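First to last, the protein sequences are chains X and P.
Read left to right, the first sequence gives residues 396 to 630 (our numbering).
Read left to right, the second sequence gives residues 22 to 154 (our numbering).
Be a bit skeptical, because a hint or two may be false.
Stated by the list, open to error - Simulated coverage check for chain P against chain X, where a stretch passes if three residues somewhere in it have a Cβ under 8 Å from a Cβ of chain X:
# : region
1 : 71 to 77
2 : 93 to 106
3 : 113 to 127
Source of the hints: derived by calculation from the structure; they are not laboratory data.
All figures in this text were calculated on a predicted structure; none of them were measured in a lab.
Cβ coordinates follow ideal geometry from the N, Cα and C atoms, glycine included.
Each chain is listed here by its residues.
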Amino acid sequence: MSADKAGSGIPRRTIVIAFAAVVAVAIAVIGAALYLASDDDRSSGNSAAVDLSGIDQNGMFLGDPGAEVLLIEYADIQCPFCAQYSNGVFPVIVDEYIRPGKVRSEYRGLAFLPGPSSERGLRFVLAAGLQNHGWDLQEALFRNQGEEGTAWVTDELVRELASEIDGLDVDKMFEDADSAEVTSQIQEMARQGQADQVPGTPTFFVQIGDGEPYLIQVPLSPDAFRAALDDALQG
Amino acid sequence: MSDRLLRIGAALVALVGIAVAGYLTWAHYADQTVICVAGGGCEKVQSSEYAELLGVPVATLGLLAYVTILALIAWDAPLARLGAASLAFFGLLFSLYLLVVQAFVIEAFCIWCVVNDALVAPALALLTALRLR
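Could you build all of it, start to finish, from the sequences and the hints given here?
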């Protein structure tokens, strides 16, 4: 065996060059990956996962008031699975059921998880709801959800997200967040949650017409929700 | 260790890599349809911005790399050995990056990612490199 050839028959110099090239490419790829990921961070506040423009919003109701089926969602703005629903399932529900006028959805916010962010976030969502933009803000907050139990719902984050919502008076929303009206809504939603024996969040009820709402317990997947809503639409 | 054993070992490790990366690729696309284990870090890791590179899940890139390495092991020309070792070494470096991201940026671990990054990728890099001796 030649001194400058490995047993595999490949010149050692070639092996060294190949590995050096790999290190260089790896550094470039990892650098690009880090840059792109941080770029995602910077733009995440601007890119809604779902377009709610043109859909009727009234308080915390989203969709055509004449829709045959109402999907009631109990959620806590800090709950990771609520964010999973909001980011992964809700866009499908909006496109396939709410925008076509088949289903209307109601957001009932609960604030039971530890830390200040649940109530703070809910206050801002309901305050935006007073201007019929509550759904926009809850979607944005779920998309930018921070670590449970921490004070991630900061005024700065809310102001940044709210300023992206067309037609929302951000200063008024901040004023309303601590209003008696919003406090009363929070109490009413908590009362409804207790009356409905909501075990945790997210919890969903379906109401057909004026009928009694019934609990749906399905995986947080578009298909499972499609099945539940199609079933309800067939009466 | 004989070259034959190294070759079989590398092929088996590449197959394990294909299984793990294949599962993670499936989980990535099924993220919309399955609930991740409650309290586990996989949801957080898989849904993080680090789980994709230019819109492609990193698990899918890993799957492609493992399939390519397995093909190169099967081919087994000197150039193929160098290609397999180079690609596996790249995988090792990228896995180290992913481990650091999980530990210090996302602050959550996905068990399948850790199996891949801390066991499969280093083992494959070692076995394919040893075949260059």
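* To do: Give me the numbers of the hints this structure contradicts, sorted from smallest to largest.
  => none
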